[in-house]
Amino acid sequence: MVHARKWIGRAITHLILIGLGFVFFVPFAFLVSTAFKSERQIFVYPPIWIPNPIIWRNFTDVFDYAPFGRYLINTLYIVVAHLFGTVVTCSLTGYAFARLRAPGRDAIFMVLLSTMMVPWMVTLIPVYILFARLEWINTFRPLVIPPLLGNTFYIFLLRQYYMTIPYDLDEAALMDGSGYLRIWWTILMPLSKPVLATVAIFSFMGAWNDFTGPLIFLNNKEKYTLSLGLQVFREAHGAAWGLLMAASTMMIVPVIVLFFFTQKQFVQGITLTGIKG
Amino acid sequence: MLNLRGIRAREARAFYLFITPWALGFLIFTIGPILASFYYSFTRYDIMSPPTFVGLGNFQELFSDPLFYKSMANTLYFVVLVVPLSMILSFALALLLNQQVRGLPVYRTIYYLPSIVPFVASSILWMWLLQPQFGLVNGALRSLGVSNPPTWLASETWAKPALILIMLWGSGSTMLIYLAGLQGVPQSLYEAAEIDGASRLSRFRHITLPMMTPTLFFTLTMGIISTFQVFTIVYVVTAGMGGPLDSTLVYLLYLFRQGFVYFRMGYASAMALVLFVIILIITFVQFALAPIWVYYEIERR
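Chains as they are written, first to last, in the numbering used here: chain B, 67 to 343; chain R, 9 to 309.
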C-alpha cells in the first residue's frame, strides 16, 4: 500500500515535470522548425511541425539581407576584450585585494563593494557624455576599454576565492625569491582555474548578449554586433519569420553549445553568485 | 626587523601597482560618472552646447510629467507581478526537482536553457510564438476552444501579460538558486521530524520554508532591483517605442528616449537619480523587514 502510494507520487511528479518541460522546450522546437520553412509553410494554420521540404535557404539568405558575418567579427572582438579583462585584470586585482597587505586596502575594497549596488543607468549618461566628448561614439572603444580595465563584480568573486587558498605556497615562493607577479601567475592562476572558467563564461555571455551597450554607443551599420544587428534586421523585416528564426538560431546555438560543454561551471556560477550572466 | 619592513613595503607597492588598471577604470567609469550624474541632473544639456544650470528644474518638470507617472506605473506593474510569479514558479520547480527524481540533469537543463538565450533572440522568438494569426500560442488557444484569442503584443491590454510570459520563460536561473538552497537544508532535520511523526506539509512549513528564507530574501531583493530596470526585452519587442499606446513604456525605456532620442541629458540624469533613490529606499525597507521573516541560523560549531 505504502509502496504503491509512493509510486503514484513519483509518477505525478514526473508528469508535472514533463508537462512543464514541454512548455519550456516547445519554443525552441518551433524556432528551429520555422527556420527551416519556406514562406508558404510558415503562414499556415494549424502550424506544421516538421517542414516538408526542409529549406536551408533562410540560413544563407540572412547573409544577403544583412552583414551578419561582419556582426559576428565585431561581436567576437568585444568578447575577446571582455575575456582578457576578466581573466587577467580582474584576476590580478582580485589577487591583490585578497593576498597583498597594504595600508588603505580594506577601505578601497569597501568603496568597491558599495558601488556594486549602483544601477547602470546612473553612470550611463555621464559615461556617454564622456565618450561623446572624446569622440569615441561609433567606435568600439566604449565597449572594449572599460571591460579591459576590469569588472567590479568579477573582481569581488575572484577575491573571495583567492581568500580561501592557503598561504603556504606563496610564502615558500617568496622565500625562494619569486616576485608577487610571478606568484600570481604561476601559483594562483593554475589553482583558480575552475572559478576563472566560471567567471569567464559569465563574461562571455555578458558580452555576447549585450544589447544596451552597442545600442547606445554604435550607430554605423558596419559596426553593429550580433544582438544589435539582429534587432535592426527585425525592425526592417518584421514579418520575414523564416529569416528571423534562422538568424536567431545562429545567435542562440553558440550559447547552447557552450552550455553543454561547461554545464558544471554554469550551475556552480549561478549558485555561487545568484546572478544571470 | 628591517628586512620585514622591507618586505612589507614591497608588498604594498605591488598591491598599488596591481590594482592600478582597475582603479583607473573605476575612477573614470564609475566614481566620476556617479558624481557627474548629480551635477548633470541640475542642468539642461544636449551635448552640443555647454550645460546650463537649472536648479531643481528637471525634477519639477519630472514630477509634473504624465509619462513619468505612466512609465513608473508600468514598471511597478512588472515588479508586482513578475517578481512573485517567477519566485513561485521557480520554487515549485525546485521543490519538484529536489525529490531525488530520475533524470534531474535533463529537467534542469530544459528549465534553465531559456534563461541563457540572448534577450534579443528570445524576444524575437516570442514575438513569433505570440503572433496573433499564425503564432503557436494562439493556435493552442484556438484548439482549446478559445474562439477569439488575444492579439498579445498588438493589444493595449495584453501586451504587458505577454511580456510577463516572456520574462517567466527565462526565470530558470532563480530555480537553480532555489535548488542549491534546498540541497543545503540539513537532511538530519527532516529525519528528526519524521521520527516525531510530522506530516509532509508540516515538514515543509516548519523546516523547508524557514530554512529557505535567506535564499528567498536574496532572490526577492535582487528580483525587485532588476525588474525595476527592465529594458532590453521591452525595447526589442516594441522597437523601442513602448507601445501600443505607451502601455509597455517602462521607466528605463522612457529614460532612454529622453537621453538618447531627445538628447536631454540633464532630464535623463534626473530620472536615473529618482529611480536610484526609489530602489535604495525599497532595498532599505526590505533589509529592515528581514528580521521579521528571514531565519538566520545561529552559527553552528
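A hint or two may mislead.
Which bits of chain B does chain R cover? Going by a derived footprint, with three or more residues having C-beta under 8 Å, they are [claimed, not checked]:
no.: 1; region: 75-84
no.: 2; region: 96-105
no.: 3; region: 137-149
no.: 4; region: 152-166
no.: 5; region: 178-184
no.: 6; region: 298-308
no.: 7; region: 311-321
Which chain R residues face chain B? A few, computed with CB under 8 Å, are given here [as the list claims (entries may be wrong)]:
no.: 8; residue: 27
no.: 9; residue: 121
no.: 10; residue: 136
no.: 11; residue: 137
no.: 12; residue: 304
FRET-style restraints, in silico, Cβ to Cβ [to be verified]:
no.: 13; chain 1: R; residue 1: 164; chain 2: B; residue 2: 320; range: 51 to 61 Å
no.: 14; chain 1: R; residue 1: 71; chain 2: B; residue 2: 182; range: 42 to 52 Å
no.: 15; chain 1: R; residue 1: 100; chain 2: B; residue 2: 106; range: 38 to 48 Å
no.: 16; chain 1: B; residue 1: 232; chain 2: R; residue 2: 211; range: 34 to 44 Å
Everything labelled a hint here was simulated from the structure, so no lab data went into it.
All C-beta atoms, glycine included, are put in the ideal place defined by N, C-alpha and C.
At a Cβ distance under 8 Å, does chain R reach at least three residues of the region 152-166 of chain B?
-> holds (count 8)
Coverage criterion applied to the region 178-184 of chain B (partner chain R; beta-carbon cut 8 Å; 3 residues) = With 4 residues closer than 8 Å to chain R, the region 178-184 of chain B meets the three-residue bar; holds.
Grab the minimum C-beta distance from residue 27 of chain R to chain B and call the hint holds if it beats 8 Å, violated otherwise.
-> Holds: closest Cβ of chain B sits about 5 Å from residue 27 of chain R, inside 8 Å.
Could you say whether the range 34 to 44 Å given as a hint is met by the Cβ separation of residue 232 of chain B and residue 211 of chain R?
-> At roughly 40 Å between Cβ atoms, residue 211 of chain R and residue 232 of chain B fall inside 34 to 44 Å, so the hint holds.
Tell me if chain R covers the region 137-149 of chain B under the three-residue, 8 Å CB rule, please?
-> violated (count 0)
Check, residue by residue, whether the region 298-308 of chain B contains three or more positions whose beta-carbon lies closer than 8 Å to a beta-carbon of chain R, and give the verdict.
-> holds (count 3)
Hey, does the residue 137 of chain R contact hint survive, CB to chain B under 8 Å?
-> Residue 137 of chain R check passes; min Cβ-Cβ to chain B is 6 Å, inside 8 Å.
Quick one: see if chain R covers the region 96-105 of chain B, three-plus residues with Cβ-Cβ under 8 Å.
-> holds (count 3)
At the C-beta level, are residue 164 of chain R and residue 320 of chain B separated by a distance inside 51 to 61 Å?
-> The hinted range 51 to 61 Å is violated for residue 164 of chain R and residue 320 of chain B, with Cβ atoms some 37 Å apart.
Regarding residue 100 of chain R and residue 106 of chain B, is the given constraint of 38 to 48 Å on their beta-carbon distance met?
-> holds, 41 Å
Three residues minimum, CB to CB under 8 Å: does the region 311-321 of chain B make the cut for coverage by chain R? Let me know.
-> With 5 residues closer than 8 Å to chain R, the region 311-321 of chain B meets the three-residue bar; holds.
Holds or violated: is there a CB of chain B closer than 8 Å to the CB of residue 121 of chain R?
-> Cβ of residue 121 of chain R sits 7 Å from chain B, so the hint holds.
Violation of the numbered hints given earlier is confined to hints 3, 12, 13, 14; the remaining hints are satisfied by the structure.
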